[in-house]
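Going line by line, the protein sequences match chains C, Y and E.
Sequential numbering from 1 applies to the first sequence in our numbering.
Sequential numbering from 1 applies to the second sequence in our numbering.
Sequential numbering from 1 applies to the third sequence in our numbering.
Source of the hints: derived by calculation from the structure; they are not laboratory data.
There may be inaccurate statements among the hints.
Quick list of the computed label-pair ranges, beta carbon to beta carbon [said to hold, decoys possible]:
| hint | chain 1 | residue 1 | chain 2 | residue 2 | range |
| --- | --- | --- | --- | --- | --- |
| 1 | E | Ala-110 | Y | Gly-450 | 49 to 57 Å |
| 2 | E | Ser-186 | Y | Ser-351 | 57 to 65 Å |
| 3 | Y | Ser-194 | C | Asp-18 | 23 to 31 Å |
Beta carbons: idealized from backbone N, C-alpha and C, even for Gly.
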Amino acid sequence: MFRRLPDRQGDLVTFTFDGTPLTALMGDTVAAALLAAGVTRFRTTPVSGAERGPYCMMGVCFECLVSINGRGNRQACLTTVEEGMQVETQHGAATYSTEISA
Amino acid sequence: MSVHPVSAVSDLEEIYDLLVVGAGPAGLSAATAAAECGLSVLLCDDNGSPGGQIYRGITEASAATKSRLGKDYAAGEGIVTRFLASSASYAARASVWSIAPHEPETGEASGLEAGVSLAGAARLIRARRAILATGALERPFPIPGWTLPGVMTAGSAQIAMKTAGLVPSGRTVIAGTGPLLYLLASQLIGAGASVIAVIDTTPNGNKRRALAHAIDFVRSAYGLKGARLLAQVHRHVRVIRNVTALEAAGNGGLSEVVVTHRGGTERLPTDLLLLHQGIVPNLNLSLASGCASGWNERQATFTPTVDEWCQTSMPDIGIAGDAGGIIGAEGSALHGTLAGLAAAWRLGRLSERERDERAAPVRAILRSALRGRPFIDELFRPSDDFRIPANPETIVCRCEEVTAGAIRATMPLGVRGPNQMKAYLRCGMGPCQGRLCGLTVTEIIAQERGVAPGEVGYYNVRTPIKPVTLKELAALPQSDSAIKAVAGIVEKPVSANHPQSHV
Amino acid sequence: MTDRDVLVVGGGLLGASIAWGLARLGLRVVVLDEGDTAFRAARANFGLVWVQGKGLGKLEYSNWTQASAALWPSLSDELKRETGIDPGFSQPGGFSIRLTELELQRGVDAMNTLQGQPNIARYPYEILNHRETKARLPAIGPTVAGSIYSPLDGHANPLRLYRAFHAALHKMGAAYLPDHRVERISHQDGAFTVEGPWGTMSAGRIVLAAGIGNTRLAPMVGLNVPLVPSRGQIIVTEKTMPFLHHPVGNIRQVDEGGVIIGESKEATMDHHRPRTPVTAVLADRAMRMFPIIGELNVVRIWAAFRIITPDGFPIYEQSRTCRGAFAVACHSGVTLAANHAFTIAGHIAQGEIPASLSTFSSERFDVSAAA
Numbered sequence: 001m002f003r004r005l006p007d008r009q010g011d012l013v014t015f016t017f018d019g020t021p022l023t024a025l026m027g028d029t030v031a032a033a034l035l036a037a038g039v040t041r042f043r044t045t046p047v048s049g050a051e052r053g054p055y056c057m058m059g060v061c062f063e064c065l066v067s068i069n070g071r072g073n074r075q076a077c078l079t080t081v082e083e084g085m086q087v088e089t090q091h092g093a094a095t096y097s098t099e100i101s102a
Numbered sequence: 001m002s003v004h005p006v007s008a009v010s011d012l013e014e015i016y017d018l019l020v021v022g023a024g025p026a027g028l029s030a031a032t033a034a035a036e037c038g039l040s041v042l043l044c045d046d047n048g049s050p051g052g053q054i055y056r057g058i059t060e061a062s063a064a065t066k067s068r069l070g071k072d073y074a075a076g077e078g079i080v081t082r083f084l085a086s087s088a089s090y091a092a093r094a095s096v097w098s099i100a101p102h103e104p105e106t107g108e109a110s111g112l113e114a115g116v117s118l119a120g121a122a123r124l125i126r127a128r129r130a131i132l133a134t135g136a137l138e139r140p141f142p143i144p145g146w147t148l149p150g151v152m153t154a155g156s157a158q159i160a161m162k163t164a165g166l167v168p169s170g171r172t173v174i175a176g177t178g179p180l181l182y183l184l185a186s187q188l189i190g191a192g193a194s195v196i197a198v199i200d201t202t203p204n205g206n207k208r209r210a211l212a213h214a215i216d217f218v219r220s221a222y223g224l225k226g227a228r229l230l231a232q233v234h235r236h237v238r239v240i241r242n243v244t245a246l247e248a249a250g251n252g253g254l255s256e257v258v259v260t261h262r263g264g265t266e267r268l269p270t271d272l273l274l275l276h277q278g279i280v281p282n283l284n285l286s287l288a289s290g291c292a293s294g295w296n297e298r299q300a301t302f303t304p305t306v307d308e309w310c311q312t313s314m315p316d317i318g319i320a321g322d323a324g325g326i327i328g329a330e331g332s333a334l335h336g337t338l339a340g341l342a343a344a345w346r347l348g349r350l351s352e353r354e355r356d357e358r359a360a361p362v363r364a365i366l367r368s369a370l371r372g373r374p375f376i377d378e379l380f381r382p383s384d385d386f387r388i389p390a391n392p393e394t395i396v397c398r399c400e401e402v403t404a405g406a407i408r409a410t411m412p413l414g415v416r417g418p419n420q421m422k423a424y425l426r427c428g429m430g431p432c433q434g435r436l437c438g439l440t441v442t443e444i445i446a447q448e449r450g451v452a453p454g455e456v457g458y459y460n461v462r463t464p465i466k467p468v469t470l471k472e473l474a475a476l477p478q479s480d481s482a483i484k485a486v487a488g489i490v491e492k493p494v495s496a497n498h499p500q501s502h503v
Numbered sequence: 001m002t003d004r005d006v007l008v009v010g011g012g013l014l015g016a017s018i019a020w021g022l023a024r025l026g027l028r029v030v031v032l033d034e035g036d037t038a039f040r041a042a043r044a045n046f047g048l049v050w051v052q053g054k055g056l057g058k059l060e061y062s063n064w065t066q067a068s069a070a071l072w073p074s075l076s077d078e079l080k081r082e083t084g085i086d087p088g089f090s091q092p093g094g095f096s097i098r099l100t101e102l103e104l105q106r107g108v109d110a111m112n113t114l115q116g117q118p119n120i121a122r123y124p125y126e127i128l129n130h131r132e133t134k135a136r137l138p139a140i141g142p143t144v145a146g147s148i149y150s151p152l153d154g155h156a157n158p159l160r161l162y163r164a165f166h167a168a169l170h171k172m173g174a175a176y177l178p179d180h181r182v183e184r185i186s187h188q189d190g191a192f193t194v195e196g197p198w199g200t201m202s203a204g205r206i207v208l209a210a211g212i213g214n215t216r217l218a219p220m221v222g223l224n225v226p227l228v229p230s231r232g233q234i235i236v237t238e239k240t241m242p243f244l245h246h247p248v249g250n251i252r253q254v255d256e257g258g259v260i261i262g263e264s265k266e267a268t269m270d271h272h273r274p275r276t277p278v279t280a281v282l283a284d285r286a287m288r289m290f291p292i293i294g295e296l297n298v299v300r301i302w303a304a305f306r307i308i309t310p311d312g313f314p315i316y317e318q319s320r321t322c323r324g325a326f327a328v329a330c331h332s333g334v335t336l337a338a339n340h341a342f343t344i345a346g347h348i349a350q351g352e353i354p355a356s357l358s359t360f361s362s363e364r365f366d367v368s369a370a371a
């Protein structure tokens with residue numbers, strides 16, 4: 001859905017989305033990095049399970065919530081991607097730990 | 001001199017003369033003007049670099065980016081440079097989640113207390129005054145399917161381009177109204193995006209009302225720019241006008257845009273739909289801080305009540321730029337300077353005469369900068385159809401998935417305003433805290449009641465207006481009286497293990 | 001005044017529950033309420049249907065509370081049937097979590113004193129140490145001393161309950177009049193006339209359920225509703241996966257997924273602005289109870305006023321001088337909703353608060369004032 005302009009260059013950062021390794025440019029937000037990699041569906045809603053993706057890219061709509069390094073409900077558009085970051089689709093309400101969510 | 005960067009809450013001072021929230025043109029100019037008058041200033045901003053949304057990424061922008069985005073974008077450089085040379089403290093990626101009068105348990109109440117979060121930690125700081133320069137956000141555009149992945153705001157596409165050099169790669173449709181619509185279309189076309197249509201939802205009747213202000217507009221900077229943009233977009237893209245209905249369709253993601261116009265209903269296979277129908281003040285911080293506001297019919301939004309020195313109804317709080325009513329980037333920068341001067345005056349650093357002398361040339365430019373504004377407000381005022389959804393299936397509150405139909409169906413219970421509606425349906429209770437549904441809910445209720453939105457009112461907005469974790473709040477200073485209020489007893493006096501406490 | 005039997009002043013949870021109770025008994029009810037920004041205890045209601053620990057110093061209150069908890073299933077069923085709105089009631093048993101040994105001991109002492117009162121209807125409860133608590137609430141933190149558990153405790157969704165009452169009222173044709181703040185009440189020839197900027201309205205009976213407004217209105221009809229200031233602060237988090245399946249006295253995960261925290265009492269009615277030291281204590285204690293919630297974003301913090309009489313117990317009373325005028329005032333509007341909808345509404349419909357409830361007359365405050 002988005003492509004990177006050829007004049008945009010920089011150091012590469014590797015991260016994963018749902019376990020798949022992806023590359024981003026240093027300084028990208030997680031949302032921009034995922035859009036650049038062709039990811040448009042970031043989460044499902046806790047109310048109806050509907051799929052959602054980024055809408056405003058400026059931190060006001062809270063649609064781009066993903067899980068980052070095990071912490072749910074992170075705003076992908078306000079978080080800078082980092083080397084080795086583990087980003088995951090957020091399914092419904094955020095989870096924070098698997099041991100006691102049973 | 002140059003700004004003092006703050007990268008952790010522990011680097012913050014206990015108290016500042018002035019807290020400025022937002023590093024767009026208004027906040028940067030306010031902070032610069034105040035710091036140049038000798039105030040100790042802290043500027044807090046969500047983003048990693050100064051510029052706000054309009055000048056997003058300006059400090060890192062390449063020559064190619066600047067040329068792609070044009071002269072208006074590059075204008076941000078001067079404002080940022082002047083700020084970076086000031087003595088202000090600058091906290092990037094810092095969110096201000098509350099501002100309230102500082103009321104210690106003992107002693108005199110004075111000034112403000114602000115909750116600031118930075119790098120995963122929260123801190124309460126004090127400020128003698130604050131200027132809220134929280135800017136604007138895009139007006140809600142509640143059409144069927146606007147929650148589908150693949151439907152984004154026009155502003156989001158600009159941000160993606162400014163910060164990451166991203167441009168749409170598939171079939172792109174831009175829909176709505178407002179000056180940004182054609183600007184974005186022209187920028188995207190210039191960057192090689194495949195814009196298959198611009199759907200212009202500007203109501204026909206607006207032109208007549210706007211004409212009253214046309215002379216000012218033609219004489220303004222907007223006039224020529226606007227005409228050039230229109231011509232350029234028309235050369236490259238199909239423009240659909242006289243639109244009566246718009247819908248985003250798809251299963252789990254956008255696949256087509258359904259548009260009804262004079263010629264009938266068309267289905268346009270689309271990968272990305274960019275919506276825009278103007279911007280409205282970002283109200284949450286001012287409302288949560290207790291600043292009074294009122295309905296602004298021409299801009300079809302609530303705007304905070306501010307006087308000519310940017311003063312709100314709260315004694316120590318000023319508002320600058322679009323956060324106080326949409327005035328555009330150039331106007332915001334000038335307005336910010338006035339707010340900064342006013343703060344210096346109120347804190348005794350400038351005499352009234354000095355303030356007025358410094359403000360006079362700023363005001364003169366501001367007047368000319370705002371000359372075309374009434375024309376723009378009238379011409380691009382979005383139609384009722386796209387502000388107040390008639391289709392009962394249309395989602396109004398995206399977070400809690402409350403539809404226009406549910407809101408209307410709840411009216412017979414005797415609902416008078418959005419707060420009662422919120423109690424009944426949870427609209428506005430999600431993480432966006434009503435930013436994307438507040439105006440729509442108010443306007444639906446107003447329409448159903450047959451009264452003006454100002455009579456209906458807006459959500460009571462609560463702190464924290466930015467995400468802050470429970471853990472961060474738990475680490476804030478406690479007091480014996482607070483512990484007693486919660487636990488009933490104080491087992492270990494707080495003073496022993498909470499040296500930070502303001503008891 | 002031929003088309004209405006009773007005016008209910010106040011359309012909050014208390015007024016709505018009584019109005020609905022009256023309407024279902026066939027009375028023609030008019031509810032007069034304030035507007036969109038009325039103070040509403042229901043908006044800050046915790047949603048507990050809570051029995052344990054209540055009634056210390058007044059065993060009738062313990063029995064009264066137990067009676068309401070016992071009526072709650074039929075209230076829930078009837079509202080669901082009538083409106084299709086599920087008030088979210090369940091009674092899985094509730095915990096009072098105690099962070100320290102001292103807190104636990106204080107809780108145990110209070111329960112012993114409470115249940116040692118003669119003639120009290122005793123109910124089951126358990127004192128659990130850390131290990132026993134952890135076995136039932138796996139998410140508790142390592143420093144929790146223990147808990148008190150009672151199987152009678154439950155919870156509901158206060159906002160859906162509130163909406164269900166109003167939807168049921170609407171369905172029965174009762175009139176709900178918002179923006180009808182009552183400024184004055186007069187009593188003449190057996191009729192009560194209420195008055196406000198909106199006009200006047202009369203009926204043969206009147207029920208004052210106006211929360212803190214009752215203090216002002218009650219004397220106009222020979223009643224007395226003394227209240228003491230009590231401010232409570234609430235923290236609500238974003239939604240998270242279910243981790244807490246029982247109500248806890250100060251923390252509850254609502255059925256929509258958010259966590260609601262609140263246990264503060266401050267003797268002030270200053271304003272609705274939360275106080276940050278109280279927020280910090282609430283958050284700190286909640287996290288020590290359930291460390292998992294520390295990572296949750298907070299969505300809303302606010303303060304509201306409780307309806308608290310000087311001894312903390314409700315007032316249900318008919319005026320001696322103006323027969324047909326009733327005052328009701330209490331906190332715990334969710335716990336007591338079933339009593340209000342069924343029992344109190346029944347008494348008001350009959351025209352008499354029975355002697356068995358005379359302990360809840362405001363005259364108890366006259367006595368203490370004289371003593």
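Problem - Ser-194 (chain Y) versus Asp-18 (chain C) beta-carbon gap, inside 23 to 31 Å or not - result: Given about 28 Å between the Cβ atoms, the range holds.
Handout entry: Pairwise beta carbon distance, Ser-186 (chain E) to Ser-351 (chain Y), judged against the given window 57 to 65 Å
Key = holds, 59 Å
Exercise for the section: Could you check the hint for me, namely that Ala-110 (chain E) and Gly-450 (chain Y) are 49 to 57 Å apart, CB to CB? Expected result: holds, 55 Å
In this structure, none of the earlier numbered hints is contradicted; all agree with it.
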